Amino acid sequence: MIDEKSQLRLDTPLPVVGPSRVRVIVLDIQDPGFSTTGLRVSSTLRLHRLMTVTTSIIQRELGELPPRIQTEANARLRDLFEL
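Per the working numbering, the very first residue in the sequence shown carries number 16; after that it's consecutive.
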């Protein structure tokens, strides 16, 4: 469906606006706490792509963020959502 006034598709999600440094955290395999993540390769945590899901669809847990990265993620989420 298209909104006549704005010519935007109403079913198209709009991008999250904000500095990319706030939205992305690189989980580098060389980081000392990387082993606690359960990941096998360097990865990117995209904070603007987080979502909530019901626990019944979760198949397994990978691991945990190292405390330093968890603190950084918390700070960036506060910035992203202007809390």
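By construction, these hints were calculated from the structure, which means they are not laboratory data.
Quantities reported herein were computed from a predicted structural model and do not represent experimental measurements.
Note that beta-carbon positions come from the ideal geometry of N, C-alpha and C, so glycine has one too.
One thing to keep in mind: the hints can contain errors.
[Unchecked claim] Simulated restraints on C-beta separations:
id	residue 1	residue 2	range
1	Ser71	Asp94	30 to 36 Å
2	Ile44	Ile72	25 to 31 Å
3	Gln45	Thr86	28 to 34 Å
4	Thr86	Ser57	32 to 38 Å
5	Arg55	Ala88	17 to 23 Å
6	Ala88	Gln45	14 to 20 Å
7	Val56	Leu98	19 to 25 Å
8	Arg55	Leu98	19 to 25 Å
9	Val41	Ser71	17 to 23 Å
10	Leu65	Asp43	26 to 32 Å
11	Ile73	Gly48	19 to 25 Å
12	Gln74	Asp94	16 to 22 Å
13	Thr69	Gly48	25 to 31 Å
- Would you say the C-beta atoms of Ala88 and Gln45 sit inside 14 to 20 Å of each other? holds, 19 Å
Do the beta carbons of Gln45 and Thr86 sit within 28 to 34 Å of each other?
Violated - the Cβ-Cβ distance for Gln45 and Thr86, about 19 Å, lies outside 28 to 34 Å.
field: Distance restraint evaluation - Leu65, Asp43, Cβ atoms, bounds 26 to 32 Å
entry: violated, 20 Å
Just tell me: holds or violated, for the beta carbon distance of Ile44 and Ile72 against 25 to 31 Å? holds, 28 Å
Confirm or reject the claim that Arg55 and Leu98 have a C-beta distance inside 19 to 25 Å.
violated, 33 Å
Could you check the hint for me, namely that Val41 and Ser71 are 17 to 23 Å apart, CB to CB? violated, 31 Å
Measuring from beta carbon to beta carbon, are Val56 and Leu98 in 19 to 25 Å?
Because 32 Å falls outside the window, the suggested range is violated.
Range hint 19 to 25 Å (beta carbons of Ile73 and Gly48) holds or violated: holds, 23 Å
- request: Could you check the hint for me, namely that Thr86 and Ser57 are 32 to 38 Å apart, CB to CB?
  value: violated, 20 Å
Range first: 16 to 22 Å. Now tell me if the beta carbons of Gln74 and Asp94 are that far apart. violated, 31 Å
Does the beta carbon distance between Arg55 and Ala88 stay inside 17 to 23 Å, or does it fall outside?
holds, 20 Å
Assuming the hint says 30 to 36 Å, is it satisfied by the Cβ distance from Ser71 to Asp94 or not?
holds, 32 Å
Figure legend: structure checked against the earlier numbered hints; hints not met, in rising order: 3, 4, 7, 8, 9, 10 and 12.
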